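For the sequence shown, the numbering used here gives the first residue as 130, with consecutive numbering after it.
Hints listed in this document are in silico derivations from the structure and should not be mistaken for laboratory results. Heads up, some of the hints might be wrong.
Within a straight-line C-alpha distance of at most 27 Å, the following computed DSSO-like cross-link-like pairs (lysine-lysine) qualify [to be verified]:
1. 378 <-> 335
2. 237 <-> 181
3. 378 <-> 324
4. 264 <-> 415
5. 237 <-> 205
6. 264 <-> 205
7. 273 <-> 324
8. 324 <-> 335
9. 273 <-> 415
10. 131 <-> 415
11. 131 <-> 181
Computed from a predicted structure; not experimentally measured.
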Amino acid sequence: MKRIAFVTDSTAYLTDEQASALGISVVPLSVIFPDASYREGVDISHKEFYEKLHHSSSLPTTSQPSPGEFVSVFEKLLANHDVVMCLLLSNALSGTLRSAETAASMVKGDVIVVDSKIASYGIAGPLLDGMTMAKQGASPEQIKAYWEEKREVMHSRFLVDTLEYLHKGGRIGGAAAVFGALLQIKPILTVIDGKIELHDKVRTHKRALDRILADFDAHASQGRPIRLGVVHAERQEDAQTLVNELTSKYSSVYAELAELGPVVGAHTGPGLLAFVWYEADPELLKAQFGR
Numbered sequence: 130m131k132r133i134a135f136v137t138d139s140t141a142y143l144t145d146e147q148a149s150a151l152g153i154s155v156v157p158l159s160v161i162f163p164d165a166s167y168r169e170g171v172d173i174s175h176k177e178f179y180e181k182l183h184h185s186s187s188l189p190t191t192s193q194p195s196p197g198e199f200v201s202v203f204e205k206l207l208a209n210h211d212v213v214m215c216l217l218l219s220n221a222l223s224g225t226l227r228s229a230e231t232a233a234s235m236v237k238g239d240v241i242v243v244d245s246k247i248a249s250y251g252i253a254g255p256l257l258d259g260m261t262m263a264k265q266g267a268s269p270e271q272i273k274a275y276w277e278e279k280r281e282v283m284h285s286r287f288l289v290d291t292l293e294y295l296h297k298g299g300r301i302g303g304a305a306a307v308f309g310a311l312l313q314i315k316p317i318l319t320v321i322d323g324k325i326e327l328h329d330k331v332r333t334h335k336r337a338l339d340r341i342l343a344d345f346d347a348h349a350s351q352g353r354p355i356r357l358g359v360v361h362a363e364r365q366e367d368a369q370t371l372v373n374e375l376t377s378k379y380s381s382v383y384a385e386l387a388e389l390g391p392v393v394g395a396h397t398g399p400g401l402l403a404f405v406w407y408e409a410d411p412e413l414l415k416a417q418f419g420r
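Please build the complete structure, drawing on both the sequences and the hints.
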C-alpha cells in the first residue's frame, strides 16, 4: 500500500485542529489590503480579516501561492511518502492550481493535482473522504477518480448580502450587480464548472433561504446519504442552527459547520450563508462521523 500525503490550499477552510490532527498540508493564499499582504490562516485570522474589512476604505485583493511555495511542500512530503495528492481551489477562480501543476513538474516524485472546480466545503468534504479511503487501502488512482466524480455531482447555493464584492473582484458581471442593487434583490448564486453563476433571484432574505432549503430538500428527502457543509461569514449562530435542524430532520444527512475565510470572503463579503452538498459513500461517512 502506497504512503499517501494530502495537500490542499487555505480556501478549503479546514480548521487548524483538523489539518494538524489529520496531517494535511495547507498552502495559503494571500489577501492584500493597502497596508499589507496577509497569508490566509497564517498572518490573519478569520475574525481579524472581517474586522479589517469592515473598516477598510477599499476592497482587498487576493493572490495565489507561488510555484515555489508548492515545491517546498511537495519536496518535504515526498521525502517520506510515495505520492502526494493535492485537491485545490477551482482553476476558474484562481491560478492556485496552475502554480501547483508547475511545482509538480519541478519535483522528483509522484504528485497528483486535482481541480475541485469549487471552493470551501466543496474541497474539504471530498478531501476528508479521500483521506478515509486511503486509510481503508484505496489507491491514489481510486481517490483521484472519486474526487473527479464528486466534483461533477456537487451542489452549491450561496446567499450574499450584496453583489458589490463579487462585481469589483471580477467574479460576476456588472449588470447583475447593478440589477440586484436597484431592485434590492437577494441573489442566490451557485458554482457551475468552477465558475460563479446566478442561480436565482428573490426579493427577501427569508425567501432566498427558503428557496435554498427547498433545493436541498429535493435531494435530502430521497433518503440517500448526503454530506453537507453549511458555510458562513459572520453568521455562525444562523449556520449552526441550520446544521442542527437539518441533521435532526434528515437521518441520512451528515452536516458540518464551516466558516468562510479571508480569500473567498474578500470576494463575497460578510454575511454570506452557503450550502454545499453531495451524495457520498455511506461507509466513508460512517467512518468519519461515527454513525
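Exercise. Identify every previously stated hint that the structure contradicts and give their numbers, smallest first.
Key: 2, 3 and 11
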